[in-house]
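Single-letter residue listing:
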Amino acid sequence: MSSESSQVKTDGNLVPSRILTEPLGRLDRLQDWVAEVSPAIFVKETRQALKSRQFVITFLLLLAATVFWSFLGTVILATEIPNSPGGFMASGFFMILAFPLGIVVPFSAYRSLSREFEEDTLQLVSITQTTARGIIAGKLGSSLLQMLMYLSAVLPGLAYAYLMQGIDLEQLWYVLSMLIAGSIGEIGLSLGLAALARRFFLRVISMLVNLAALVYLFVVCCVITYSYLADVSFDEFVYVSPVVSFIAIGLAALGFEAAVSLVSFEADNRSTGLRRTMSIGFVVFACLFGAVLSRQVPIGQQAVPVVLVWVVAWIAMHYWLVLGAFMSAESPGMSKRVRRELPKTVVGHLERGLLMPGPGRGYLCALAGIWGWFLAAVSISLVVTFWAGGQDTFAIGAMNFSLREVDQGIIIGTILSIYLTAFLSLFYLLGISLYRFLPKPRPVLAFICNGAVFALANITSVFLLEATKTNWNDYNLWAIACPYSIFFTTFNSGRSGIFDFLSRNPLQASALGIVAIVATGLTLFSLWHAVRELAIIPNAIPQRVLDEMEAAKAKKQEVLTEESIEEIFEQHQSTAQSE
Amino acid sequence: MRILATLDEPDYGDAFVDGFSVVDDPDRVRQRLGFMPDYYGAYPDCNCVEYLDFFARSNGLKGGERRDALNRVLEFTHMQHMAEKPTTGLSKGMKQRLCLGRTLIHDPSVLILDEPAAGLDPRARIELKEMIRGLSEAGKTLLISSHILSELAEMCDRVLIIEHGNLIAAGSIDDILSRFTGEGEHDSATQTVRLTVDVLDGVCELSEWFKGHGIEIVSQVRNAFEILVEDDRAVQADLLKRLIDARYSIVRFSAKQRTLEEAFLKATKGRIQ
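Chains as they are written, first to last, in the working numbering: chain A, 1 to 579; chain B, 1001 to 1273.
Please keep in mind that the hints were generated in silico from the structure rather than gathered at the bench.
Backbone N, C-alpha and C define an ideal beta-carbon position, used for all residues, glycine too.
Warning: the hint list may mix true and false statements.
What the hints assert, rightly or not - Pairs of lysine-lysine residues, derived as BS3-like cross-links and limited to a Cα-Cα distance of at most 30 Å, are as follows:
#, chain 1, residue 1, chain 2, residue 2
1, A, Lys553, B, Lys1211
2, A, Lys555, B, Lys1062
3, A, Lys555, A, Lys336
4, A, Lys336, A, Lys556
5, B, Lys1062, B, Lys1085
6, B, Lys1062, A, Lys556
7, B, Lys1092, A, Lys51
8, A, Lys344, A, Lys51
9, B, Lys1129, B, Lys1085
10, A, Lys556, A, Lys344
11, B, Lys1140, B, Lys1211
12, B, Lys1092, B, Lys1129
13, B, Lys1211, B, Lys1129
14, B, Lys1085, A, Lys555
15, A, Lys556, B, Lys1266
16, B, Lys1140, B, Lys1129
17, B, Lys1266, B, Lys1129
18, B, Lys1211, B, Lys1241
19, A, Lys51, B, Lys1085
20, A, Lys336, A, Lys51
21, B, Lys1062, A, Lys51
22, B, Lys1140, A, Lys553
Said to hold, decoys possible - Pairwise CB distance ranges, derived in the manner of DEER restraints:
#, chain 1, residue 1, chain 2, residue 2, range
23, B, Thr1259, A, Leu211, 54 to 62 Å
24, A, Asp32, B, Thr1088, 25 to 33 Å
25, B, Gly1060, A, Arg115, 23 to 31 Å
26, B, Gly1064, A, Lys553, 23 to 31 Å
27, A, Ile205, B, Lys1140, 15 to 23 Å
Construct the complete structure from the given sequences, taking the supplied hints into account.
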């Protein structure tokens, strides 16, 4: 066989044919295939990252630290080996791994996106066919790949710690999964932060904040890892690890969607993905949070008071208040492109009617979130009461439910929901008023204004109560310590009878009455204004776009037809030959 | 330009590329459009071919199609020998070629070039001009912005003059020149034209000769006269013959050259930004 025939021409280069059939050659082809199907930005980021000095230095340092700790740990624990000191050994490796995973990779992701803004390269990519989601996903993917590379350097060390005994695979997995998920969470949030900070001074501030947060999380991670692995009886990690991991992944998803939204073209739909992630993410978080609290709260013997449901609902309502402040601060202008995507059917409206962009829809979405959680908590409370059958407690499996707080929960939830609704309405009206003076969408500015109004209202109410109080017994530390002075004062006094309290404090009663009337008025007006947004009629797709879609469809059919004709022809030929 | 390139949204109104709105269908516009901004946008730890490969992938080119596009662009921009060089270490001219290559990688039908010749040395400028001419001959629509107006006159068919965001003038080069430099060369009211007559010597005598023959001298700089004569080629030919017969050593006898710079100054009323 000649040398020419033993070579195969690929990409214009002669490659020995054996390479393509040998295992390494197959690996190369697999690698080529992966590169071919991977998003462009992922390939570019990976190429750059793996060639960068920062990666090489970090990787070598990590290897050196792993080897160093293997020797040092073995020397330190030489006399402890009969006592199975694997936990202590593994904690050292985890701390080594926490540095690249907790600081280097998230900060690289942050810098990678931030540099795109600094050097205007993001604009060059954004005018290609790569979507904003593709850009951010590529950066996230590249960070995950780097994470795996770093992991590969420390895994032999962890295997060594496992062989020293004293730690099992399950425990290793809990810590490792938490570390990886934590790192993913940091990457997601770093990307969101990088996308948010566009101006130079904001970039500098955000970079410092991000770095400080990463270092802090790294230290916390080291402490937790050490305390866990040095004392392996810490069984709660079995519950804590999945929860922390889910929360971290949820935050990563939130940061990711925020980054996608911020990088997207102005006329694009920047809200639906973010709103959907926020809604789903919190439901998952609340379920996990409730599950863990039910294990951890030391009330009675493994008892879960119904008030726990209200604690989760209380957090959820505030979560929706913050989101509502942001969503109702969106620009009221809706691009034709978004109008084209508006739901046209009842099912479509139910599925994503409130997830579409716009301050009105955002306001209604947040209201739905608050009242949804309230109704869920009320429903659970009522079901629990019904199941209890008139008793103070009832049991499901090993858990005893206390019913003492059901009534208080419903009162507190009702007042809180009304209170937050009034604030949301104020945010919404403030946002749409602000946009009358702003030439361009400034959701962050509007959000800050909402926050300022919220703080001002609460501080004012504290001063008002301070100035008008008549009876010290009605006014405890809660009212000063908590910004919700009206709410808590009302609630605390409500225990002894709200009407009794109001009758003894006519000034406060009048103030509350005025606030209630104004808030009702604002809310009704906001609802009327916001509901009008739902009535916007979807735009038709332009004829030019329809024409092109038709042409693309016809072309596809044409190609298929040509292929099928060729196939038929080939089949016919082969049949003729065989005959 | 940034609005057309789907980077910015207009405050009001819309723009269309091949019938697609840049506001509502930017993705469809991007398939047809290549934008070369006035900045470079290089990536660290990345060589030229990787850089182009990235933009080819970003534009949805796959497999053999992408490799063909890379080869085509490297050949067109004469960058084959620079393929493995890092993008951060290129000269200005090479960077511009790479940027042009990036813009052409998905073979767009419309190209927007923002100050493509800025900062280039004369050789690089000539090469770039040839490339642009080649693209034009290949049937591509090019929109070029430049402050070097003499180059635009050589490259472009149509010109737009924009001042403070307002469209001052639009039309073919000849249209613009005749509209805005008409007074310099041609005065339709008096049917006269300006000619430059440059002589080797005898300036004083020639000045007297012009006056003696009723020809108006507009200006005189050293040996060169700018005169007003009838807008008739036969009259101008006769004048040249008479000057030669009068034994004047004529070095130059031409109508005043109209330039885009003059048209621009006239169109913008001299308020250069």
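Going through the hints against the structure:
| no. | hint | in the structure |
| --- | --- | --- |
| 1 | A:Lys553 / B:Lys1211 | violated (77 Å) |
| 2 | A:Lys555 / B:Lys1062 | holds (19 Å) |
| 3 | A:Lys555 / A:Lys336 | holds (28 Å) |
| 4 | A:Lys336 / A:Lys556 | holds (28 Å) |
| 5 | B:Lys1062 / B:Lys1085 | holds (23 Å) |
| 6 | B:Lys1062 / A:Lys556 | holds (17 Å) |
| 7 | B:Lys1092 / A:Lys51 | holds (24 Å) |
| 8 | A:Lys344 / A:Lys51 | violated (50 Å) |
| 9 | B:Lys1129 / B:Lys1085 | holds (24 Å) |
| 10 | A:Lys556 / A:Lys344 | holds (28 Å) |
| 11 | B:Lys1140 / B:Lys1211 | violated (54 Å) |
| 12 | B:Lys1092 / B:Lys1129 | holds (15 Å) |
| 13 | B:Lys1211 / B:Lys1129 | violated (46 Å) |
| 14 | B:Lys1085 / A:Lys555 | violated (40 Å) |
| 15 | A:Lys556 / B:Lys1266 | violated (54 Å) |
| 16 | B:Lys1140 / B:Lys1129 | holds (15 Å) |
| 17 | B:Lys1266 / B:Lys1129 | holds (26 Å) |
| 18 | B:Lys1211 / B:Lys1241 | holds (17 Å) |
| 19 | A:Lys51 / B:Lys1085 | holds (14 Å) |
| 20 | A:Lys336 / A:Lys51 | violated (43 Å) |
| 21 | B:Lys1062 / A:Lys51 | holds (24 Å) |
| 22 | B:Lys1140 / A:Lys553 | holds (26 Å) |
| 23 | B:Thr1259 / A:Leu211: 54 to 62 Å | holds (56 Å) |
| 24 | A:Asp32 / B:Thr1088: 25 to 33 Å | holds (27 Å) |
| 25 | B:Gly1060 / A:Arg115: 23 to 31 Å | holds (24 Å) |
| 26 | B:Gly1064 / A:Lys553: 23 to 31 Å | holds (25 Å) |
| 27 | A:Ile205 / B:Lys1140: 15 to 23 Å | violated (45 Å) |
Going down the numbered hints, you'll see the structure goes against 1, 8, 11, 13, 14, 15, 20 and 27, while the others check out.
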